[in-house]
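With chain A's structure known, arrange chain B on it following the hints.
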Amino acid sequence: MAKYVVTSQSVTINSVDLSADCARAELVINSADVETTDFSSGGFVELQGGLKSGVLNLDFHADYASGGASETLEALVGTVVTFVLIAGGTSASTDTPSFSGSVLINSFTPVAGAVGDLATFSVSFPTSGAITKATS
Amino acid sequence: MTDITALREAIATNLATISGLRTDSEVPDSPNPPVAIVELESIDYDGAMQQGLTTLTFKIIVIVSRQSDRVSQRSLNDYASQNGARSIKIAVESDRSLNGNAMDCRVQGLTSVGSLELNNTEYSAIEFSVAVYV
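Chains as they are written, first to last, in this note's numbering: chain A, 641 to 776; chain B, 1471 to 1604.
Hints in this document: simulated from the structure, not taken from any laboratory.
Please read these numbers as outputs of a predicted model, since none were measured by experiment.
From the three backbone atoms N, C-alpha and C, an ideal C-beta is built for every residue, glycine too.
Some hints could be false.
[As the list claims (entries may be wrong)] Short, incomplete list of chain B residues facing chain A, as computed with Cβ under 10 Å:
id: 1; residue: Y1515
id: 2; residue: D1516
id: 3; residue: G1517
id: 4; residue: A1518
id: 5; residue: M1519
id: 6; residue: Q1520
id: 7; residue: Q1521
id: 8; residue: G1522
id: 9; residue: L1523
id: 10; residue: T1525
id: 11; residue: M1573
id: 12; residue: D1574
id: 13; residue: R1576
id: 14; residue: Q1578
id: 15; residue: A1601
id: 16; residue: Y1603
Extracted from the complex, chain A is given alone in its bound form (with noise of 0.2 Å):
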């Protein structure tokens, strides 16, 4: 699978596969900009890169069954857990490659939506310590 349309991400939140009640997915991966300016910079600004990070977007669909996002992610706030997201499929490969790593659920929105809207909710958790690419 080369270019794809996303249908089939794979979210998994400790341990529990959120991908049915999850809408949008996106790991973004960041480095701090470390600014290394001297008087031999010929008038620019020279940067190194420094300590890397990542922040896990979600959109998610309310769901307070067992086992869905709500009922998941309220008992998590304020920890720090495993994450795996797996692009385009369930299984890692090198078409589907897997993301996995820990993040700290820093807020949940227990209740959010406008009337005769579908109840949904977005979150953004920091990633904690190194996040790992495998493709098998």
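Frame of chain A; chain B shown alone:
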């Protein structure tokens, strides 16, 4: 697997709680008014990862006789109301799980008011849109 037939039948069952209103989960050859007919209008797949959410939109067509314009209009007013014993919205949402076949459902609105000709007879008709989440 989404059982569309079961969803249509469940909507028709909910509609049948309205006294005096016939229901049909499929489009009949010769409707016998007053009757509410359930039709599938559209499906939105992939509302969540791995087919976790599919949204089906059904159309409910309520057909009443036009033997008396005043009576038919008042009858349609009752069906169109957001509450009351003959409210289509109240009847459909009386069991939002649709007999356990859906996560939720909602009558979104009345989408059309007009007349309908069947077998050389003119009827009054109104249409509703129902969103069903499975």
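So which hints don't hold here, by number, going up? When the structure is compared with the hints, none of them turns out to be violated.
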